[in-house]
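First to last, the protein sequences are chains A and B.
For the first sequence, this note's numbering gives the first residue as 1, with consecutive numbering after it.
For the second sequence, this note's numbering gives the first residue as 555, with consecutive numbering after it.
I should point out that these hints are in silico values taken from the structure, not numbers from a laboratory.
A hint or two may mislead.
As the list claims (entries may be wrong) - Straight-line C-alpha distance at most 25 Å; calculated PhoX-like pairs for lysine-lysine:
#, chain 1, residue 1, chain 2, residue 2
1, B, 730, A, 388
2, B, 942, A, 176
3, A, 4, A, 381
4, B, 730, A, 381
5, A, 176, B, 935
Stated by the list, open to error - Residues of chain B placed beyond 12 Å of chain A at every Cβ, according to the derived structure:
#, residue
6, 686
7, 700
8, 1004
Cβ atoms here follow ideal geometry from the backbone N, Cα and C, with glycine treated the same way.
Protein chains: 2
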Amino acid sequence: MGSKPIMGFPATSQDDYQLNVTRILQHAARSFGRQEVVSIKLDGSRSRFTYAQTYGRVKRLANALTTIGAGLGDRIGVLDWNDHRHLEAYYGIPGIGAVLLLLNIRLTPADLAYVVNHAETKFILVDETLIPLAEAIAGQCPTVKGFVILTDKKLSEINTKLSPIYHYETLLNEAKEEIEWPNLDERSAYGACYTTGTTGRPKGVYYSHRNVCLHAMSIGTNAEMTSRDCYYQLVPMFHALGWGTPHAAFIIGVKYVLPGMYNIMDLGSLAEPLVSEGVTVSAGAPALFMPMLEYIRNLDKKPDLTGARFLSGASEPSLTLMKDYFNLTGAEIVHAYGATETTPLVTINKIKPWLEKELSDVEKWDLKRKQGYPVVGLDVKIVDHTEKEVPHDGKSPGEILIRGPWITGSYYNAPGSETQFTKDGYWRSGDAGTMDAEGYIKITDRVKDLIKSGGEWISSVDMENETMAHPAVMEAAVAGVAHPKWEERPVVLAVIRPEHKGKVTKEDIVAHLAKKFAKWQLPDEVVFVDAIPKTSVGKFDKKVIRAQYKDIYL
Amino acid sequence: MGSKPIMGFPATSQDDYQLNVTRILQHAARSFGRQEVVSIKLDGSRSRFTYAQTYGRVKRLANALTTIGAGLGDRIGVLDWNDHRHLEAYYGIPGIGAVLLLLNIRLTPADLAYVVNHAETKFILVDETLIPLAEAIAGQCPTVKGFVILTDKKLSEINTKLSPIYHYETLLNEAKEEIEWPNLDERSAYGACYTTGTTGRPKGVYYSHRNVCLHAMSIGTNAEMTSRDCYYQLVPMFHALGWGTPHAAFIIGVKYVLPGMYNIMDLGSLAEPLVSEGVTVSAGAPALFMPMLEYIRNLDKKPDLTGARFLSGASEPSLTLMKDYFNLTGAEIVHAYGATETTPLVTINKIKPWLEKELSDVEKWDLKRKQGYPVVGLDVKIVDHTEKEVPHDGKSPGEILIRGPWITGSYYNAPGSETQFTKDGYWRSGDAGTMDAEGYIKITDRVKDLIKSGGEWISSVDMENETMAHPAVMEAAVAGVAHPKWEERPVVLAVIRPEHKGKVTKEDIVAHLAKKFAKWQLPDEVVFVDAIPKTSVGKFDKKVIRAQYKDIYL
Chain A
1 MGSKPIMGFP ATSQDDYQLN VTRILQHAAR SFGRQEVVSI KLDGSRSRFT YAQTYGRVKR
61 LANALTTIGA GLGDRIGVLD WNDHRHLEAY YGIPGIGAVL LLLNIRLTPA DLAYVVNHAE
121 TKFILVDETL IPLAEAIAGQ CPTVKGFVIL TDKKLSEINT KLSPIYHYET LLNEAKEEIE
181 WPNLDERSAY GACYTTGTTG RPKGVYYSHR NVCLHAMSIG TNAEMTSRDC YYQLVPMFHA
241 LGWGTPHAAF IIGVKYVLPG MYNIMDLGSL AEPLVSEGVT VSAGAPALFM PMLEYIRNLD
301 KKPDLTGARF LSGASEPSLT LMKDYFNLTG AEIVHAYGAT ETTPLVTINK IKPWLEKELS
361 DVEKWDLKRK QGYPVVGLDV KIVDHTEKEV PHDGKSPGEI LIRGPWITGS YYNAPGSETQ
421 FTKDGYWRSG DAGTMDAEGY IKITDRVKDL IKSGGEWISS VDMENETMAH PAVMEAAVAG
481 VAHPKWEERP VVLAVIRPEH KGKVTKEDIV AHLAKKFAKW QLPDEVVFVD AIPKTSVGKF
541 DKKVIRAQYK DIYL
Chain B
555 MGSKPIMGFP ATSQDDYQLN VTRILQHAAR SFGRQEVVSI KLDGSRSRFT YAQTYGRVKR
615 LANALTTIGA GLGDRIGVLD WNDHRHLEAY YGIPGIGAVL LLLNIRLTPA DLAYVVNHAE
675 TKFILVDETL IPLAEAIAGQ CPTVKGFVIL TDKKLSEINT KLSPIYHYET LLNEAKEEIE
735 WPNLDERSAY GACYTTGTTG RPKGVYYSHR NVCLHAMSIG TNAEMTSRDC YYQLVPMFHA
795 LGWGTPHAAF IIGVKYVLPG MYNIMDLGSL AEPLVSEGVT VSAGAPALFM PMLEYIRNLD
855 KKPDLTGARF LSGASEPSLT LMKDYFNLTG AEIVHAYGAT ETTPLVTINK IKPWLEKELS
915 DVEKWDLKRK QGYPVVGLDV KIVDHTEKEV PHDGKSPGEI LIRGPWITGS YYNAPGSETQ
975 FTKDGYWRSG DAGTMDAEGY IKITDRVKDL IKSGGEWISS VDMENETMAH PAVMEAAVAG
1035 VAHPKWEERP VVLAVIRPEH KGKVTKEDIV AHLAKKFAKW QLPDEVVFVD AIPKTSVGKF
1095 DKKVIRAQYK DIYL
């Protein structure tokens, strides 16, 4: 279905009615007006707004933005944690036809300035705690006409060299609430995220209103949320539109909880609201769920989270993580897959009813580690290097290609990036994986992270998981590095659990791996490290690892 | 948002990717290939196809239709019960770009021929049991080039004057399964239903692929279905696209059960598959749920349907019906509202979490009788005769206006019907109702069914419900008929339960109504009848009632 569309018999439907994200919040305020948005503040207290109040603030924000000179098509950046003002920006900025540019607070100032300039950003909304980051780039970003400070404090209490500055709450207080929303073409950009790939400059994905609306419906359906649920926005809202849950939640009418600023050294305490707010659904990366689990493990009384579902993406959750959540709290980790380019939902892993009956517990846990089956609305195929589809046998690997209404069709103003798309419109994910007869996809590697050893492939991810299955290993990464004879050979980096330090040897790890891997695949080197280099999104940074160990086999 | 759309900043999304209903079944076959479609046959046995097999049959049907000469834009009628072939037609006909024309088997031959001719129908698929109906119109329908007989029998066993005829199963056997689906413009008509209003000729609503896809997502979300559910297709598939559940079910991946032909004199036995197939979700009208409840009432062992949700539309379910289902089986009747023109989902009645806490049981039951709050994606307003929105106070009545992607914007080739739409694109439902502060809508009457008595309005529906709350009354209808002094006055028609016959008087009914209605509103006449005249969709036929009793007050 990649050719030019052909028109059949005309319909009488209102097909000119435009999909628009603002309508989601309008709906939420209309049909779930008393539902709550809870946001944890800097001092630990919580702001509580109803949906109706949130919509009121969004209307004021929209009017205020117009007042300071923002308008149709302008790109407006946001530098913020997951809090209620970030959520308001999610609706207020696109509501007036401007573009919500989500800025990753973990980028280096150089990359951040690159993104701000590439998007020709007009205004930046910045949380008081992130002013230093904004200050670091302000001088390099000539298109930026002003900064709006997000704070509970008065403007006079804020010390900054940024100029000109506006005070978010004052703007809202002075704005009127009545608004006539523009009727936007649904293909207008709603917002943008830039990829944080490990190679090259960040690339811009500009999501249309149509894209966001259709994706949000899909998230709502696949996360199986109802208005009795309480959703906890763990995924940073600057990653892939916060995984679409800031929209899906308002379609469904759930109670919506935002963690606010958190300390990277104390991620565990992110677990506290699970109980205090009654969270039943969340989404995040294992990098967050792992420390939260440690926090829970140390509680005298384990929380009862029976029935809760935590969607997990970005990297594969370990078996231990999934089992321990379930055994300690009753919560289920639901593996899902996607990327910035896919808004992000592509696959979700639920055990199908018949497999629930047929599989043993061991087989079910094993299945839950796969990325899942494709959701409705998308075309997904796995192809070999000749672009031919591989058999759905759970063994034949290939690159995952994806097409559909919430998949990007290009990168904004990025010459040369056209090669990441096929002629019939699929996005090349760069992920290597398999599909089984039931449609479950298993990502094995990045295509470029497959280790090419003597003309054969070794899966670095398989080896990582197997290394992490060793009881002494807390975390492990595997990369292919140059080898004079075999082209590449794997090197294993392992972080040993404190209580096992000094008690485990490289030979122990290799012997452990030998149970699953052929002899020629085994690593020649296992390096014990204190931490594994990671990208800003918490993925292993293979580029850095390969650079650090490039000489190990030479 | 009714003006011409304006374009904002361009997005990079695949906005030219067309929404297409065929993709729903493709998805179902891919991600839920082993899920079941169960269809009850004429002899009571059941056919069981997997989703993958169903998709295989649909591909063969599409190829077969092309072979006999059907193609892009052709209207192809279906005269069938809810069975697996009807379901296959739901995907096979629109798949090739033809229009699925759903023919109401309860229409008079005159109305049916009108619809077939108005649509310029090229082929008709007809179930063997409905051949007499097809024969009754065949001579009057010159555009029809042939009939495809839906049967488990051989063609030689079918006696008919229809010509030319094709045998569905033979066509499928002879067709190949490989197919290249056309890439249809999403605004192409997927299918059509004709309204069965009580006034005027049937009017055609032609649903686009876009319309159907967006509506199906909404049904999936609002019915709160998961792949663990079993859906029972009670609503006739010739009504408003079967209420969108033949699409939503395949988005979600539920087990899907079709009742096949049923005897209008034995509707109760429709309850049997609830237990034998493990139904958890269904949708239908009180006219079906009522006899099913009687059937259940007579069972020695009541089925445990705890957690099951039965969406109920077309007319208001009585309090007794809802309570008895819940108390006898644990199943919940969920009131919903819509029309042929709205695909149909407009509102759904779920008790919001905070109301669940705040309301007493009596108040909750009372609330459940309302039609519910509007679903996401639609604009809904209630306006007085000056087109001004009425207050959301649960008291101020007005006409319900609806706009959105699954609302019709016109009637096909129906000059004069433009008055049923407002300038800013709302469809005038003709329903009178109120909205309360929580957004719950209560339909009180058809705008034209309000009884105008001495310059005031009396709600015929309120009076019907109150009459039916009398323990001796099984069913009751109220209509306004001409009165020399008061313009109109209400007349009550009541069907008395067998065990109460002869033991209740008109005065008893009026005394019962006096508890709720003002004296001037009380009916002057209560007529005991054996049955209430109904339309083909099971609604009270007020036109017939008014005609029968037009002289009662003269």
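Hints, verified against the model:
1. 730(B) - 388(A): holds (23 Å)
2. 942(B) - 176(A): Since the Cα atoms of residue 942(B) and residue 176(A) sit roughly 23 Å apart, the hinted pair holds (cutoff 25 Å).
3. 4(A) - 381(A): holds (21 Å)
4. 730(B) - 381(A): The hint holds at about 23 Å.
5. 176(A) - 935(B): holds (23 Å)
6. 686: Non-interface label stands for residue 686(B): nearest chain A Cβ at 29 Å, farther than 12 Å.
7. 700: Given that every Cβ of chain A is farther than 12 Å from that of residue 700(B), nearest at about 19 Å, it holds.
8. 1004: Given a closest Cβ separation of 26 Å, the condition holds.
When held up to the earlier numbered hints, the structure conflicts with none and fits them all.
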